[in-house]
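Number of protein chains: 2
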Amino acid sequence: MNEPARPQVYLLSDGTGITAETLARTLLTQFEGLHPGWHLRPFVRSQEHLEDIFERMRTGPQPALVVATFADATLRAYLRECPVPVVDIFSDHLQQLEQVFGRKAESVSGRAHGIGDMARYDRRIEALNFTLAHDDGLATGDIGHAEVVLMGVSRSGKTPTCLYLAMNYGMFAANYPLIPEDMTGDTRLPSSLRGLRGRLLGLVISPERLAHIRESRRPGSRYASLVQCRDECLAIDEFLYREHIPRLEVTHLSVEEIASRVRAQLA
Amino acid sequence: MNEPARPQVYLLSDGTGITAETLARTLLTQFEGLHPGWHLRPFVRSQEHLEDIFERMRTGPQPALVVATFADATLRAYLRECPVPVVDIFSDHLQQLEQVFGRKAESVSGRAHGIGDMARYDRRIEALNFTLAHDDGLATGDIGHAEVVLMGVSRSGKTPTCLYLAMNYGMFAANYPLIPEDMTGDTRLPSSLRGLRGRLLGLVISPERLAHIRESRRPGSRYASLVQCRDECLAIDEFLYREHIPRLEVTHLSVEEIASRVRAQLA
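First to last, the protein sequences are chains P and L. Its first residue numbered 1, the first sequence is counted upward by one per residue in this note's numbering. Its first residue numbered 1, the second sequence is counted upward by one per residue in this note's numbering.
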């Protein structure tokens with residue numbers, strides 16, 4: 001039986017290669033079960049380095065594909081020498097942007113994921129520190145600075161989503177866990193959160209999915225039992241309804257999908 | 001004086017829009033000072049929704065540009081009706097991939113940043129939990145599971161980098177802070193880390209940059225003073241040298257750049 005050869009995907013960049021990898025992985029989602037070999041080659045800043053990579057490709061396994069993001073125009077031009085097909089992001093699209101914006105593109109490496117604008121970078125790190133300090137309702141002193149406060153039961157995805165929002169978008173994201181004791185009968189919003197209406201969002205998850213997630217953390221525990229999960233999900237549902245806090249159904253969503261919906265909702 | 005109009009960039013996707021945004025922001029780094037208006041339109045799953053967006057574009061400010069990532073071929077075809085220029089990632093590159101891989105692309109929305117492969121997704125969340133539990137040397141019990149342990153002085157970038165590695169690559173990343181008391185004279189590696197050689201990496205930062213970062217956290221403190229930062233940087237340098245731990249110079253690197261170098265170093 002002749003198995004088709006496993007394709008090799010080379011990610012070449014004069015920067016981190018993050019954009020090349022993001023794009024390549026996105027395109028490859030449309031070829032399920034392909035399982036390519038990945039070759040990350042970031043910070044390629046000379047023709048010699050590039051030629052060295054090409055040389056290995058010539059003798060390496062086939063089929064192979066390059067996804068490249070070179071901001072440097074000279075290195076980009078040198079991609080013509082590449083022995084395997086190249087998806088060349090900058091060459092293919094910069095011209096289109098030049099026409100729309102009415103000016104020439106620059107040719108400067110390392111801007112996309114470098115420190116770049118220092119103030120913007122510092123803000124992202126500051127946001128991350130804020131989010132870590134306000135994880136699980138830890139600190140409440142300066143919670144007024146939060147741009148969004150995610151509420152939900154334990155393991156509904158609050159912490160990863162907040163970290164993602166802070167890390168990638170410099171968003172001051174706090175989370176406030178709702179524990180069963182918080183939600184008996186006529187419980188009201190904690191006073192520290194009352195001034196933040198419009199920034200509060202409840203994450204709602206199905207008891208079955210919640211039990212599954214908790215089970216892998218604490219197998220066989222009461223915490224992970226379906227009965228307990230049902231009680232908590234019901235209680236938070238009532239609480240969010242009573243307090244008129246908008247809810248986001250996250251049962252089948254990834255962290256990225258939740259983050260994207262949170263951003264769209266706040267925009 | 002006639003200021004050029006601020007361009008509008010629309011990010012359209014039947015998924016999260018993360019790939020579209022990453023690509024657009026990368027391309028736009030080559031047009032410094034452009035300051036476009038950003039319009040994130042994720043989870044567009046119908047022609048009606050798309051037509052509604054086009055309608056607003058027709059009467060909206062110009063110039064405008066669309067960066068689109070539609071996995072769904074029907075929606076992609078409908079981009080022909082778009083009233084402004086479109087960078088259409090899938091249309092432009094899928095064909096090239098089809099040729100290399102020798103098979104047709106599928107046309108399924110929401111795969112790129114969805115939960116997708118559940119095992120792989122769960123691993124990322126597990127990695128994030130591991131990293132949070134091992135932040136600042138907190139837990140050491142199961143540190144043997146770490147794929148990488150970043151060592152460095154306080155505020156050298158260990159925590160954000162570990163979180164980035166865990167979140168985006170499902171990497172079990174722990175960090176171990178080196179405090180001045182740890183590094184007097186003939187200090188040796190803590191026993192819990194001795195079995196992890198090959199996975200240890202020291203982050204090295206200049207005292208000036210370190211003082212700058214600490215100053216914004218604790219202004220005027222001894223902790224942020226240049227003298228203190230110099231002492232700590234010197235001590236860790238000696239420690240890493242004595243213990244033969246490879247070092248990564250991070251003074252001018254962003255979290256993404258450090259993460260990319262860590263991955264390349266471990267590959």
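Treat the hints with caution; some may be incorrect.
Claimed, not checked - Only some residues are given here: those of chain P computed to face chain L with a beta carbon under 10 Å:
| # | residue |
| --- | --- |
| 1 | Phe101 |
| 2 | Leu132 |
| 3 | Gln228 |
| 4 | Asp231 |
Said to hold, decoys possible - Taking CB as the label site, the calculated pair distances span:
| # | chain 1 | residue 1 | chain 2 | residue 2 | range |
| --- | --- | --- | --- | --- | --- |
| 5 | P | Gln96 | L | Val108 | 24 to 30 Å |
| 6 | L | Leu34 | P | Val227 | 43 to 49 Å |
| 7 | P | Gly116 | L | Pro190 | 44 to 50 Å |
| 8 | P | Glu126 | L | Thr251 | 15 to 21 Å |
| 9 | P | Asp231 | L | Arg56 | 42 to 48 Å |
| 10 | P | Val227 | L | His35 | 36 to 42 Å |
| 11 | P | Ile179 | L | Tyr121 | 22 to 28 Å |
| 12 | L | Thr251 | P | Ser46 | 31 to 37 Å |
| 13 | L | Arg218 | P | Arg80 | 51 to 57 Å |
Claimed, not checked - Computed footprint of chain L on chain P, listed as stretches where at least three residues anywhere in the stretch have a Cβ under 8 Å from a Cβ of chain L:
| # | region |
| --- | --- |
| 14 | 160-174 |
| 15 | 192-202 |
Please keep in mind that the hints were generated in silico from the structure rather than gathered at the bench. We treat Cβ as the ideally placed atom computed from N, Cα and C, and that holds for glycine.
Hints, verified against the model:
no., hint, verdict
1, Phe101, "6 Å, holds"
2, Leu132, "7 Å, holds"
3, Gln228, "20 Å, violated"
4, Asp231, "24 Å, violated"
5, P/Gln96 - L/Val108: 24 to 30 Å, "27 Å, holds"
6, L/Leu34 - P/Val227: 43 to 49 Å, "56 Å, violated"
7, P/Gly116 - L/Pro190: 44 to 50 Å, "36 Å, violated"
8, P/Glu126 - L/Thr251: 15 to 21 Å, "19 Å, holds"
9, P/Asp231 - L/Arg56: 42 to 48 Å, "44 Å, holds"
10, P/Val227 - L/His35: 36 to 42 Å, "54 Å, violated"
11, P/Ile179 - L/Tyr121: 22 to 28 Å, "26 Å, holds"
12, L/Thr251 - P/Ser46: 31 to 37 Å, "22 Å, violated"
13, L/Arg218 - P/Arg80: 51 to 57 Å, "53 Å, holds"
14, 160-174, "holds (count 4)"
15, 192-202, "violated (count 0)"
In summary, the numbered hints that this structure violates are 3, 4, 6, 7, 10, 12 and 15.
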